[in-house]
Amino acid sequence: MAMAIKLSLILLFFTSLLLIPTTLSLFQDQVGLMDWHQRYIGKVKHAVFHTQKAGRKRVVVSTEENVIASLDLRRGEIFWRHVLGADDVIDKIDIALGKYVITLSSEGSILRAWNLPDGQMVWESFLSGSKSSKALLTVPVNLKVDLDSPIFVYGGGCLHAISSIDGEYLWKKDFATEGSVDIHQLILPGGSDVIHAVGVTDSSQFDTYEIDVKNGGLLKHTSASFPGGIYGEILPVSGDRFVVLDASRSVLVLITINNGQIHLQQTHLSDLIHGSSENTVILPSKLSGIFSLKTDSSIIFIKVTDEGKFNVMEKVDKTVVVSDALALSEGEQAFALVQHGDSKIELSVRLVHDMSSNHLKETVKMDHERGFVHKIFINNYVRTDRSHGFRALIVMEDHSLLLLQQGEIVWTRDDGLASVIDVTTSELPVEKIGVSVAKVEHSLFEWLKGHMLKLKGALMLATPDEVAALQKIRLQSSQKNKMTRDHNGFRRLLILLTRAGKLYALHTGDGRVVWSTLLQSLRTTSQQQCAGLKLRQWQVPHHHALDNNPSVLVVGRCGLSLTSPSALSVVDAYTGKELQNLGSAHHSAVQVISLPFRDSTEQQLHLLIDADKRAHLYPTTPEAAHIFQRESENVYWYSVESEAGILRGYGVKKTHSSDTPSEYSYESRNLWSIVFPSESEKIIATVTRKPNEVVHTQAKVIADEDVMYKYISKNMLFVATVSPKASGPIGSATPDESVLVVYLVDTITGRILHRMTHLGSQGPVHAVLSENWVVYHYFNLRAHRYEISVIEIYDQSRAENKDVLKLIIGKHNLTTPISSYSRPEVTTKSQSYFFTHSVKAISVTSTAKGITSKHLLIGTIGDQVLALDKRFVDPRRSLNPTQAEKEEGLLPLTDALPIIPQSYVTHAFKVEGLRGIETIPAKLESTSLVFAYGVDLFYTRIAPSRTYDSLTEDFNYALLLLTIVALVVAIFVTWVLSERKDLQDKWR
Amino acid sequence: MALLLRTSKPNSPTLLLLLLLLSLFASSSLAITTRNEGGYTINGRVKIPGFGAKGFGLPVKANNAKVILNGGQQVTFLKPDGYFSFHNVPAGTHLIEVDVIGYFFSPIRVDVSARNPGKVQAALTETRRGLNELVLEPLREEQYYEIREPFNIMNIVKSPMGLMIGFMVLVMFVMPKLVENMDPEEIRKAQEEMRNQGVPSLANLMPGNARSN
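Those protein sequences? They're chains A and B, same order as listed. The numbering of the first sequence is UniProt numbering, which starts it at 1 and goes up by one. The numbering of the second sequence is UniProt numbering, which starts it at 1 and goes up by one.
It is worth saying that the hints were derived from the structure and are not from the lab. One thing to keep in mind: the hints can contain errors.
[To be verified] With a Cα cut of at most 30 angstroms, we get these calculated DSBU-like pairs of lysine-lysine: (1) B:K158 to A:K449; (2) A:K482 to A:K849; (3) B:K79 to A:K134; (4) B:K79 to A:K214; (5) A:K131 to A:K286; (6) B:K189 to B:K158; (7) A:K45 to A:K172; (8) A:K134 to A:K318; (9) A:K700 to A:K613; (10) A:K700 to A:K682; (11) A:K57 to A:K375; (12) A:K886 to B:K177; (13) B:K189 to A:K981; (14) A:K456 to B:K79; (15) A:K690 to A:K700; (16) A:K45 to A:K315; (17) B:K79 to A:K99; (18) B:K79 to A:K172; (19) B:K47 to A:K99; (20) A:K318 to A:K45; (21) A:K131 to B:K79; (22) A:K690 to A:K577; (23) A:K700 to A:K653; (24) A:K981 to B:K177; (25) B:K177 to A:K986; (26) A:K57 to A:K365; (27) A:K454 to B:K158; (28) B:K189 to A:K986; (29) B:K177 to A:K45; (30) A:K57 to B:K79; (31) A:K344 to A:K449.
[Stated by the list, open to error] Here are some, though not all, of the chain A residues that point toward chain B, as calculated from beta-carbon distances under 7 angstroms: (32) F27; (33) Q120; (34) M121; (35) R785; (36) S838; (37) G862; (38) I900; (39) P901.
Cβ coordinates follow ideal geometry from the N, Cα and C atoms, glycine included.
Pulled out of the complex, with its shape left as it was, chain A reads as follows (with noise of 0.2 angstroms):
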């Protein structure tokens, strides 16, 4: 009886479990415990210090990544963060009032202010301009007028008046009115109430504009015209004199204003410099009196006299860095200069008035791995005996940021990681054998005071002291960080492809860097500008077979066309060491392909596609060569033109044709292509299934024991489709006008498998292909909310086998091979759902058998990362559904998809700036491991159906010991009276 009951009720809890769609929920005290979050800012722009104060000593900066920040002078942690819209880019920060934190962003037309202390936005003011122009900002730091504290702002050809205190519009001058003419700078002399703007005209004309500041009434307006033309900027030298370069870049202009007159001087450059230089720029750093010429092969420093004369002052190395001029004391200026040498950098320190001498001079160690000096800003403080000291901020090759004081680097930002490009992953090294004793007893030792504690908190127990313990503990635990392979699959390496060309890889267990290695074939000189594109595993040795370290291909591109040269590099994943450096080959990358072809030394084989559709072969071995000729007839390739809206299928050409460059590249032959007509479609996302995924069956069992055949292909293309008028941003179009059109397409035979229009429909898409459906995203103008659509594609030429008698008789078609030639008949199944979000990414759990339900996660458009259970959107999903399609697991109809805040599997956290989210599975089949980035990392696990196949972390194990212990006692009793019992009848 009681054995009934207690079978019931665990048939209930299982069924229970089985029936209610998992949700991913994370106590508070499990955070940072498999998961981690990393947070960065991106390529720092400009800075700006706030030092004057006593207390929190900060800078600001503005990055790449739109993003404003203040950062801890101390130790480099971040205070507060804003990441600006994608396109709000930053143009220009300062300071106001010492209190606020003022950007001028999106070309000079939107100023806020941020509190300095918190990071709260205090106004902001739109400046609407009448055309595009640069973006100038000027703070008077101590303004005699009495006015509200204004600010400057030269954006869209007009320049603005803006109150720093609330941000009104004090004034606004037009320069529209004035002809045509482009402001280059903004100059307030100290003291003065009229402002001097300097701009050119049809580069030919010099103008100068003084404006009062009390109401924007132009003063006077000055003018030269210069026929010669210039080339860039205008740089202020002083209050009164400009330099500029003519548009041959040859000579040398110098404007000075005198009494309301403009002169302009000449000199040829040939005079100052000797040799030729073609590309000869003006730095944009401000030093008094000085200014700074970089030329083809160094930059020169020339000072510019009383009488209008250039001087040469110095050459140096054209690696110089040099940084703006900060003011000291009573008009002495500093600026900084730093050189790269061999593993070390020199900084110096120079006053302007004293170029000859360094007033401060440093080396720094520095890692050869962060590449060069980008940029560098410099601020002073004061030391106990009341000289300057110097603390140099600087921005490295890499991306990442230092600060340099006294000769040491104080800290550093892997600033670099906010800009991933690819991922991939990588298996650890295994365990050597021979662990000592000792360190096992230990780890018991650990091992049980862990669990005593684990046990005192869940009965509530603990002191503070001991929680705090046991999270430290939780935290550090050891296990999860070491550099071997796991039994599980938990421990990982991740590589990283980033912006700037560098390759990190970073441990799942902490998200510490490992290893990181500025690639050198993808490194910009100047000549070229280089980038990476593609990361792909290059060789996954067997350990048991090959005593080889795995590797990892980075594919990138010198150039900024897509016809530009490739490079390829082979670095080593456990090493970081570019072990082949496969130089820029002689073709163009605009795809690449991974083969399921491997080689003896298990390297995969690559097909790089050129801009001229020739497939190149990777890695250019005899071997490889045999055993692509063997499978050429097997490889297709399809490409996207999204321009013209076509897709086209291509396969290798057998012959060798006498134009191919090497025996390595092979002609391609075009198969098929779809035209979409341009009049009425513009592809806007296509999307495929990843190549590693796994399915671990290709039935599916339905209600009433029925059994359905997914269509499990690889070469299935998922595209989308909308109307061109429908494919700008929501609220460009109307219902009527926009059609979104989806396609299922085979891209061997480029037969399209289904086809469906959703009217008054229009994108982004956001779509995931896995299995045998596609889950897409996009947004419905009629019921003006987002929506998820479904489509499941199933196999038709195979539901018959269900039938026993056939499969007796031997009239079935399990026998016969699967191709993706054949043409099998297909039928579709699909259902829309109403989704809240605008989404960012779109991704599916992937787990090493493909056992295991799936999770769509979902990356919404307030950065966060969504789990949600694969059966919300299944398209079977009836408003009543029948009993067996209950016990099925089929969920009632609803419209919406649920939002549950607890299958956030970001919980709290925000993985600001989110492009993309990264699934690897782990060996234990239930679980999947999640990497999503943008300008933060963020990396957990899940199970999307609970660890099913071991016991979680907070498994308590001292209640099992307890039960066990308990067992064993009732059976010594039971039988020491069982005993008794016997004794008693043997005597009756």
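Knowing the structure of chain A, use the given hints to seat chain B on it.
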């Protein structure tokens, strides 16, 4: 509540002054105002209950609040009093989303119409409730963590191990009682049956106890 501001010549000083004056009054109006240069301005306010009562100062949580137009076309932030505005928005039907960690906001559909400017037409897309003015409030708070239940003896009892112990206790103490309550004759019958079938008693199962039989 909606107030219309039409500026025909923004560079004329008198009108500018008027605009400044008007904008002082209009600062509390949450509406759509026109601009001459093709775009409109959407003004609104985000109110988070519990904090709005104090009037000034958003909670630290809301420090990183963002307001997003059309899925990322424009992103703006909240002023200390919760106001926000989007500038240069073309006529059409737009979508505004509010992102504050810890709160669930419904996206808002806003119609900016060229025909009757200044009229606010906004509705929550989740509940289809219309809004008279653009004041956005969260539908609910979001709790990202499970609440750990306090220690409860029932939890242990309910766990498989607890059930095991419970079942054992039941067998040990309740079964003999049941046997006692049974009819003595039936017991004898059952015992006889058991003996006939040779069902081993628990004692027989014990390893060192084979001799007892």
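Restraint check for B:K79 with A:K214, where alpha carbons must lie at most 30 angstroms apart: holds, 27 angstroms
Please check whether A:M121 passes as an interface residue: C-beta within 7 angstroms of a C-beta belonging to chain B. holds, 4 angstroms
Given hint A:K134 paired with B:K79 - CA-CA distance at most 30 angstroms: holds, 27 angstroms
Distance restraint between A:K344 and A:K449, which requires alpha-carbon spacing of 30 angstroms or less: violated, 47 angstroms
Agreement of A:K134 and A:K318 with the hint, judged by alpha carbon distance not exceeding 30 angstroms: Given that 30 angstroms is the threshold and the Cα spacing comes to 27 angstroms, the pair holds.
A:S838 was flagged as interface toward chain B. Is the shortest Cβ-Cβ separation under 7 angstroms? holds, 4 angstroms
Pair hint B:K189 and A:K986, alpha-carbon separation not exceeding 30 angstroms: Holds. B:K189 to A:K986 sits at ~19 angstroms (cutoff 30 angstroms).
Between B:K189 and B:K158, is the straight-line Cα distance small enough, at 30 angstroms or below? violated, 37 angstroms
Compare the distance between the alpha carbons of A:K886 and B:K177 with 30 angstroms, and conclude whether the hinted pair is satisfied. The given pair, whose Cα atoms are some 43 angstroms apart, is violated under the 30 angstroms limit.
Mind checking the alpha carbons of A:K981 and B:K177 for me, to see if they're no more than 30 angstroms apart? Cα-Cα ~15 angstroms, so holds.
If you draw a straight line from the CA of A:K690 to the CA of A:K700, is it 30 angstroms or shorter? holds, 21 angstroms
Within 30 angstroms, alpha carbon to alpha carbon, are A:K482 and A:K849? Holds. A:K482 to A:K849 sits at ~25 angstroms (cutoff 30 angstroms).
Hint check: violations occur at hints 6, 9, 10, 12, 14, 23, 29, 31, 38; the rest are consistent with the structure.
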